[in-house]
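Q: Protein chains in written order, with this note's numbering: chain G, 1 to 493; chain U, 1 to 380.
Please note: incorrect hints may appear among the correct ones.
[As the list claims (entries may be wrong)] Just some of the chain U residues that point at chain G, by a computed CB distance under 7 Å:
{"id": "1", "residue": "Ser73"}
{"id": "2", "residue": "Glu109"}
{"id": "3", "residue": "Gly111"}
{"id": "4", "residue": "Ala113"}
{"id": "5", "residue": "Pro116"}
{"id": "6", "residue": "His149"}
{"id": "7", "residue": "Gly163"}
{"id": "8", "residue": "Gln178"}
{"id": "9", "residue": "Leu180"}
{"id": "10", "residue": "Val183"}
{"id": "11", "residue": "Ala207"}
{"id": "12", "residue": "Leu211"}
{"id": "13", "residue": "Pro237"}
{"id": "14", "residue": "Ala252"}
{"id": "15", "residue": "Pro359"}
By construction, these hints were calculated from the structure, which means they are not laboratory data. Note that beta-carbon positions come from the ideal geometry of N, C-alpha and C, so glycine has one too.
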Amino acid sequence: MTIDGGESAAAERVTIHWQGRAIDAPAGEDAAAALFAAGILVLGYSRKFHRPLGLSGVFLAGVKGHVEGLPNQRVDLTPVRAGLALRAQNVWPNGRFDLQRLARLIPRRWLRGGFEHPAWLPGGSRRFQIWESFLRLMAGGGDAVEPNRPGASLPGERLMADVAIVGGGPAGRQAARRAMESGRSVILVSRSSQPGAIAAALGADLPALPDSVLRLAGHEAAALYRQGRLLVCAPRAGGPAKLIEARQLLLATGRLSIPPLVPGADLPGVLELRKAVELIQGHGATLGRIVLIGAGDLTGVGRRLGGLGANILAMRPAGALRRIEGRQRIERAIFESGGIGCDSLVHAGPWRADPTLPFQAGADGEFRLSASRLPPHIEIVGSAAIPPEPIAHGPALDDAAMVCPCMDVTVGEIRDLVAAGHDHVEELKRLTGCGMGPCQGFPCWDLLAAALAAITGQSAESFGHPSYRPPRGALTVAQAAGLAHLVQPEREP
Amino acid sequence: MRASVAIIGGGIQGLMLAFCLAERGLKDILVLDAGYWQGGASGRNGTLVRPGFSSVEWTRFFGHSHRLWLGLSRRLGHNVMFSRRGYAVLAESERTAAICERMLVVNGECGIAARPMTREELRRRLSPLVQTGIKSAVFFDAGGTAPHHAAMKGLFAACQARGVTLRYRTRVTGIERQGLRAVGVRLGHELVGAHNVVIAAVAHSPAVARLAGVELEGRPRRLEACAIEPTRAFLDPALALLDRTLYLHQTARGEIVGGCEVEGDTAGLTLASDLPVLAQYARHLVEMIPALADLGILRQWAGHIHATADLAPLLGPHPDCHDLWISAGWSYGIAGAPAAGDLLAKAIVTGAIDDRMAPFAVDRKQRGKLIQEGAIVAIN
């Protein structure tokens with residue numbers, strides 16, 4: 001049984017609009033990939049420096065846009081349909097004639113911590129109100145919604161099972177089979193509408209799912225509450241949220257490849273391995289001349305990509321990359337041995353699991369939330385259980401590298417704050433906004449810890465990370481409102 | 001080191017008091033905090049600042065505080081980004097409409113600019129808001145918001161520049177007494193002598209007071225708030241809806257930040273957030289500002305206040321211990337901090353208790369002098 005996220009698999013070609021320009025695209029596919037295949041790589045801009053961002057498989061500001069006028073929508077989760085109208089956000093007055101681009105001329109040092117603090121426009125004065133209007137224009141994500149836009153609560157649903165599994169890749173499927181064989185009921189939540197397809201393309205063995213598994217395909221696991229006893233998930237294409245209570249919770253969320261901490265690592269055209277596979281295989285996009293970097297042996301990955309028709313110019317360890325150059329998209333990858341002109345850079349490692357759900361399951365504390373161990377009913381399975389691999393960067397950490405690309409937090413800003421005595425990750429988050437954008441901390445706090453380790457000489461783990469706060473954009477106001485009748489406050493024993 | 005004043009709690013109350021004491025020329029001021037900078041309620045609140053309430057006591061105190069907020073950037077030499085974008089208090093029942101009426105009278109008596117909003121003005125200023133259930137609305141033109149990160153940053157820098165010693169991640173393990181007097185604080189093995197000790201530790205204040213062998217009434221209460229994904233200007237004034245215990249505003253970064261309370265949420269001193277408040281807050285939004293329904297909720301977090309019997313602060317000397325001062329019991333701490341710092345510093349330096357601070361005396365509950373204030377956004 002499948003509760004589908006709403007996507008269909010038709011291949012009919014239709015016309016969609018990007019900033020008013022008509023694009024021919026296959027119906028049902030994700031709009032960001034369709035735009036990529038049509039050669040449109042820049043989909044968004046960073047908050048302060050207004051640097052171009054796009055589909056990366058890692059950072060989310062590059063895939064947030066207006067969909068049918070509604071701001072902050074995931075363009076990469078929007079299925080292509082006839083007449084679909086898409087626009088970039090964080091532009092003014094519009095994406096084709098964008099005066100916010102002038103922000104690139106402002107010295108980056110002036111924008112540290114935000115646009116907010118000039119002492120010559122003191123808060124409390126009338127002058128500040130004019131400045132604040134400007135701030136609200138410059139720092140806003142998308143356009144404001146229409147004040148009279150209708151809205152209603154989406155009544156949620158409570159689901160119960162013996163076992164709930166998050167992740168529909170090989171490990172999640174294997175766990176589901178095992179649980180079914182022992183006679184237990186299973187709910188499997190998967191972000192993708194075709195879970196495991198990418199893993200299969202990369203050569204993984206994909207066990208078939210028994211029909212009796214309740215599949216929530218196209219659903220994002222938005223949050224865990226109450227020591228992991230309540231799992232909230234929501235369909236990515238809209239519709240009511242679900243509140244799942246299970247005796248056992250298995251987290252099979254896999255791992256993400258983290259780009260090296262070097263300048264340009266967020267330029268459009270830099271792609272996480274699985275996003276690259278999805279683009280080539282699922283959308284027929286050509287990635288042009290590819291440089292492949294990664295951790296460990298890359299020959300197997302290179303052969304797979306080659307087998308899909310990818311043109312790989314070079315394979316290098318991620319640690320050898322010094323910077324990535326390009327204006328609107330990647331043009332060159334610079335290694336210690338010299339530069340390579342290319343159209344795409346695909347990174348396959350170092351790999352790290354998203355720590356958000358395990359953190360929320362175990363989080364507690366009076367002065368700072370921390371999660372020392374998982375509750376006994378929760379287990380991390382598959383590659384998500386592998387310890388995180390160290391993030392790559394050059395021998396001398398470059399001040400221009402971005403710790404948090406969406407919010408424009410540079411290594412240089414972190415370095416100066418550490419020199420001023422701020423080495424606590426929660427303080428650094430508050431001072432810089434690092435991890436307060438659409439990704440909500442992953443992977444930016446991994447990059448922050450790597451930067452702190454390189455700056456101070458201490459281990460990255462010793463810095464920990466700020467709280468991974470729910471529900472990181474995966475639940476709308478209407479979806480959350482629909483859960484109100486399903487849950488009561490906990491009382492003290 | 002021997003401190004003139006040792007302040008336990010480095011949130012906005014502790015830092016504001018330290019700054020005001022330093023302004024008055026005091027040296028050797030020490031601020032101690034068990035957590036990290038901005039980690040407590042001062043980094044987790046809704047940042048709303050309003051000058052007026054429905055009681056004379058609250059209005060005289062918070063009116064003074066609001067005036068100090070307007071000039072705080074200049075005093076600190078740092079921009080605290082106080083935004084006088086207006087603050088609307090809305091009533092949806094006869095009970096709260098009566099409170100709004102009373103607010104107008106009391107604010108008039110206290111010289112605070114507050115006025116009723118007409119239907120036309122409600123529609124103009126608050127166009128996304130469903131207006132049909134609004135029975136009464138009071139508007140403070142000069143009320144608004146003070147983003148806590150800006151105020152904390154300014155206070156931190158201003159305190160450092162004036163030689164205040166700030167020690168975070170340093171837990172006070174004892175308060176030393178000699179007879180009736182507090183004479184220092186203990187930090188594990190380290191003993192720091194102090195002429196005055198101040199407790200400004202929000203939810204932890206009652207526990208810290210017990211280190212000195214004295215009691216503080218009230219208990220910790222967990223509040224939760226959340227932020228919706230940023231958009232350009234959509235909502236200008238700060239909003240408080242009394243019947244729903246709902247408050248919200250749109251930040252300069254474009255996020256809608258706010259929260260509400262849910263009856264029966266009594267979970268103790270943990271910072272872990274829970275689902276009922278998120279869901280109830282979302283339900284209020286869908287009912288009152290339906291245009292937000294399809295926007296994503298970016299993050300949710302929890303913090304603690306110290307809820308006293310009347311939800312008013314406990315300010316002044318502790319009656320059972322000399323040289324022990326209290327700035328606790330805050331629920332409107334960000335709004336009240338400038339006045340609390342100003343008046344408590346005056347009391348510590350000169351010994352004079354200002355009559356705007358006197359009603360908030362620490363022992364008012366024992367003396368049967370609780371303050372009746374109905375215009376606060378909290379379950380009471």
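Q: Look at each hint and say if it fits the structure.
A: How the hints compare with the structure:
{"no.": "1", "hint": "Ser73", "verdict": "holds (3 Å)"}
{"no.": "2", "hint": "Glu109", "verdict": "violated (25 Å)"}
{"no.": "3", "hint": "Gly111", "verdict": "violated (18 Å)"}
{"no.": "4", "hint": "Ala113", "verdict": "violated (15 Å)"}
{"no.": "5", "hint": "Pro116", "verdict": "violated (22 Å)"}
{"no.": "6", "hint": "His149", "verdict": "holds (5 Å)"}
{"no.": "7", "hint": "Gly163", "verdict": "violated (16 Å)"}
{"no.": "8", "hint": "Gln178", "verdict": "violated (30 Å)"}
{"no.": "9", "hint": "Leu180", "verdict": "violated (31 Å)"}
{"no.": "10", "hint": "Val183", "verdict": "violated (27 Å)"}
{"no.": "11", "hint": "Ala207", "verdict": "violated (10 Å)"}
{"no.": "12", "hint": "Leu211", "verdict": "violated (16 Å)"}
{"no.": "13", "hint": "Pro237", "verdict": "violated (12 Å)"}
{"no.": "14", "hint": "Ala252", "verdict": "holds (4 Å)"}
{"no.": "15", "hint": "Pro359", "verdict": "violated (26 Å)"}
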